[in-house]
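With the hints as extra help, turn the sequences into a complete structure.
Protein chains: 2
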Amino acid sequence: MEEVARHAGVSVMTVSRVMNNVVGVKTSTRDVVMRSVKELGYSPNAAARSLARHGSGRVGLLYSNPSAGYLSEILVGALDEAQRSGALLVIEKCDLSLESEKAAIDRLVSGGVAGVILPAPHADSQAAIAELHEHGVIAVAVGTGRMRPDANVVRMDDFAASAEMTRYLLDLGHRRIGFVKGAVNQTVSMQRLLGFETEIRRADPPATMLVEQGNFTYRSGFQAAERMLSDREPPTAVFASNDDMAAGVMAAAHRRGLDVPGDLSVTGFDDTHIATAVWPELTTVRQPVARMAESALRIVLDESRSGRDRAKDGAPVDRLLPHELVLRASSGSAPARK
Amino acid sequence: MEEVARHAGVSVMTVSRVMNNVVGVKTSTRDVVMRSVKELGYSPNAAARSLARHGSGRVGLLYSNPSAGYLSEILVGALDEAQRSGALLVIEKCDLSLESEKAAIDRLVSGGVAGVILPAPHADSQAAIAELHEHGVIAVAVGTGRMRPDANVVRMDDFAASAEMTRYLLDLGHRRIGFVKGAVNQTVSMQRLLGFETEIRRADPPATMLVEQGNFTYRSGFQAAERMLSDREPPTAVFASNDDMAAGVMAAAHRRGLDVPGDLSVTGFDDTHIATAVWPELTTVRQPVARMAESALRIVLDESRSGRDRAKDGAPVDRLLPHELVLRASSGSAPARK
DNA sequence: CACTTTGATGTTAGCGCTATTAAAAAACGC
DNA sequence: GCGTTTTTTAATAGCGCTAACATCAAAGTG
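Top to bottom, those sequences are chains H and X.
This note's numbering applies: residue 1 is where the first sequence begins, and numbers increase by one.
This note's numbering applies: residue 1 is where the second sequence begins, and numbers increase by one.
None of these hints come from the bench; they were simulated from the model.
Among the clues, some could well be false.
What the hints assert, rightly or not - Straight-line distance between alpha carbons at most 27 Å, and here's what the computed BS3-like set of lysine-lysine pairs gives: (1) K93(H) / K38(X); (2) K38(H) / K102(X); (3) K93(X) / K38(H).
What the hints assert, rightly or not - Some chain H residues well away from chain X (every beta-carbon gap over 12 Å; in silico): (4) N20; (5) M34; (6) D231.
As the list claims (entries may be wrong) - What follows is a list of derived Cβ distance ranges for each label pair: (7) E324(X) / E324(H): 41 to 51 Å; (8) A130(X) / H54(H): 34 to 44 Å; (9) L40(H) / H54(X): 13 to 23 Å; (10) D231(H) / A329(X): 22 to 32 Å; (11) A160(X) / T208(H): 54 to 64 Å; (12) D157(X) / T29(H): 51 to 61 Å; (13) P44(X) / Q126(H): 28 to 38 Å; (14) R167(X) / P205(H): 51 to 61 Å; (15) M147(X) / L40(H): 34 to 44 Å; (16) N21(H) / V12(X): 32 to 42 Å; (17) E233(X) / Q126(H): 51 to 61 Å; (18) S28(H) / L320(X): 58 to 68 Å; (19) D95(X) / P322(H): 22 to 32 Å; (20) D106(H) / L96(X): 35 to 45 Å.
Backbone N, C-alpha and C define an ideal beta-carbon position, used for all residues, glycine too.
Right, here's the structure in full:
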């Protein structure tokens with residue numbers, strides 16, 4: 001850094017200011033510094049930065065064992081943003097028990113993080129958020145189904161997305177549609193179900209729904225589909241609330257010799273890895289997981305730098321990221337009435 | 001740390017020594033310090049440590065986009081060990097192109113890492129290892145199929161594991177066994193095939209093999225199975241070189257109305273998340289991915305602390321970790337001859 | 001018993017960066 | 001032109017920790 005400063009003919013502090021995009025540096029000076037940085041191939045040292053910033057710039061990420069695809073996308077987003085903004089990501093693992101969650105949070109807190117990112121399913125954990133608050137640490141829930149009064153939230157509009165997908169299936173002519181619910185302890189499960197139900201109810205001509213409980217695993221999707229397809233009058237389309245379950249549904253359909261999408265349309269939710277791994281590829285809702293993680297990190301950094309915990313002031317952030325319907329090969333027009 | 005030192009009645013340096021498990025501290029002193037650490041809830045600051053250790057203790061991890069389950073296991077192992085040994089893990093993403101790989105490595109190198117962990121598929125990248133060597137950075141390949149003269153390696157015995165699985169299928173009475181090969185650019189694909197072939201050749205009574213090319217994706221497994229099962233005389237068991245492909249095989253079997261394992265036994269390799277997600281659960285080979293990552297991190301730390309790059313001295317580490325056959329519900333006795 | 005050797009601990013000086021404060025330069029009003 | 005404000009830059013003091021060296025007591029050694 002000293003080298004860069006010498007080379008650019010300024011002080012190290014000016015270089016630091018340039019690197020951090022702080023206001024109060026003449027544009028001409030900034031350009032000179034930038035050129036020197038490029039020329040000397042300088043890149044700042046994250047550890048030193050974190051140290052000097054007195055812990056600010058350290059952000060925790062709590063994870064348990066959700067669908068592996070989800071986790072790695074979260075990590076990618078968070079790591080990318082951490083790199084970009086020079087933050088240090090401290091990652092802690094825990095399982096779903098409350099004790100383990102508490103222990104992990106305590107480790108993070110004593111590690112001096114400014115804030116903690118809570119991806120699903122911890123996003124809905126009242127206990128985790130309370131624990132964080134108690135220690136004066138910023139909490140950001142990622143992928144919960146609703147806004148919260150007590151924590152910052154980054155999420156997508158699960159209700160709207162689910163409604164869109166349902167409308168899409170209705171437009172294809174399906175009038176008997178199955179829905180596989182997600183795990184009961186997550187608010188997104190409810191939102192997705194609500195979006196589905198609402199749209200089915202206002203369908204014209206009217207449509208029927210078959211709803212089965214699932215828990216976001218492949219197997220639960222498989223089992224739910226087995227039940228639906230054994231119905232006296234099976235559905236012509238099944239909308240599973242995530243991709244893993246949709247893959248399970250597809251497996252069950254194949255097992256019965258059903259063609260997808262000829263005999264049964266199958267759609268999922270999230271657009272994780274598995275959506276393009278299965279055959280035929282899955283029509284699903286793209287959830288911008290990586291960008292949600294980025295956003296969450298940004299929120300922690302901004303809040304911690306501004307020094308205020310907005311959740312405590314009663315005005316937590318509620319960032320809604322756009323989703324997108326991804327049409328692939330697993331869905332098609334309803335088969336002609338028998 | 002000062003607090004701990006005062007509380008224990010020693011100097012900060014002694015505390016540091018205790019925290020790092022350095023030799024040359026009386027056991028009695030160590031105990032006193034440990035007690036103070038516990039009492040005061042002290043935990044060392046990773047950033048400061050990394051800074052003071054002058055970059056040693058920073059380890060890079062290069063990842064692209066392998067099966068998501070594999071990645072998250074690697075991350076878990078590496079992160080766990082990083083936490084334990086106070087190392088700072090710097091994670092870089094790249095895609096499979098050589099330029100992108102080189103760019104990512106340059107970023108890591110200029111980030112001042114002591115070593116870089118290269119999980120599959122980069123473990124077999126000659127270019128990556130050469131690039132690392134050029135910059136004097138330690139390389140550890142994880143999950144390659146063979147030892148290397150130019151880099152440290154952590155791996156499992158793919159040949160032996162594959163042979164074991166094959167023997168298991170033979171013992172169940174299967175005499176016509178399909179094998180789905182892995183991606184061509186990875187050495188493990190070759191090892192697994194070799195293990196299979198070797199065992200089939202020495203089968204008594206003799207057995208026949210059907211080999212199809214795959215590339216480690218679900219879809220390639222599905223397609224390979226489609227080809228095999230269309231054979232005039234289809235196999236009674238299919239051994240896929242990873243779990244994703246095995247899941248694909250299973251889907252193809254179900255689609256044809258075949259019962260697994262009644263009509264067709266299916267086995268996989270790696271024991272990733274998907275192995276227990278599918279139905280029936282997959283018989284597979286447990287690859288200790290997390291422990292391999294841990295081990296890799298240890299190697300980087302040890303080498304960098306000892307100051308020698310053993311790969312350059314012509315004696316790179318070749319750590320072989322034990323695997324295990326995991327018998328689940330997807331495999332069974334060969335169906336009676338028609 | 002003086003004199004090295006060994007082992008356990010303390011002291012000091014940074015690691016690379018940023019916050020803070022002080023100083024200089026530029027812009028402004030009258 | 002001279003004070004006065006406002007920008008822009010420089011200097012300095014750590015952040016929490018460890019490497020390297022200094023110290024000091026206990027243990028050998030002839």
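Evaluated hints:
Between K93(H) and K38(X), the direct Cα distance comes to roughly 21 Å. Compliance with the 27 Å bound is thereby established for this hinted pair. Under the criterion of a C-alpha separation no larger than 27 Å, the hint pairing K38(H) with K102(X) is consistent with the structure, at around 18 Å. Between K93(X) and K38(H), the direct Cα distance comes to roughly 22 Å. Compliance with the 27 Å bound is thereby established for this hinted pair. Every CB of chain X lies more than 12 Å from the CB of N20(H), the least distance being 17 Å, so the non-interface label holds.
No beta-carbon of chain X is positioned within 12 Å of the beta-carbon of M34(H); the least distance is around 16 Å. No Cβ of chain X comes within 12 Å of the Cβ of D231(H); the nearest lies about 19 Å off, and the non-interface call holds. The hint said 41 to 51 Å for the Cβ distance between E324(X) and E324(H), and at roughly 42 Å that hint holds. A130(X) and H54(H) have their C-beta atoms about 41 Å apart, which keeps the hinted 34 to 44 Å range intact.
Between L40(H) and H54(X) the beta carbon distance is about 19 Å. The supplied range of 13 to 23 Å therefore holds. About 26 Å separates the C-beta atoms of D231(H) and A329(X), a value consistent with the hinted range of 22 to 32 Å. Checking the proposed 54 to 64 Å range against A160(X) and T208(H) shows it holds: the Cβ atoms sit about 55 Å from each other. Taking the beta carbon of each, D157(X) and T29(H) are about 60 Å apart, inside 51 to 61 Å as hinted.
Checked against the given bound of 28 to 38 Å, the beta carbons of P44(X) and Q126(H), roughly 31 Å apart, stay inside it. For R167(X) paired with P205(H), a C-beta distance near 60 Å keeps the hint of 51 to 61 Å intact. For M147(X) and L40(H), the Cβ-Cβ distance of about 39 Å falls inside the hinted range of 34 to 44 Å, so the restraint holds. Judged by the Cβ atoms, the range 32 to 42 Å given for N21(H) and V12(X) holds: they are separated by roughly 36 Å.
At about 60 Å, the CB distance of E233(X) to Q126(H) agrees with the hint of 51 to 61 Å. The hinted window of 58 to 68 Å between S28(H) and L320(X) holds, with their beta carbons roughly 60 Å apart. In this structure the supplied range 22 to 32 Å holds for D95(X) paired with P322(H), their Cβ-Cβ distance being about 25 Å. At about 40 Å, the CB distance of D106(H) to L96(X) agrees with the hint of 35 to 45 Å.
The structure agrees with every numbered hint stated previously.
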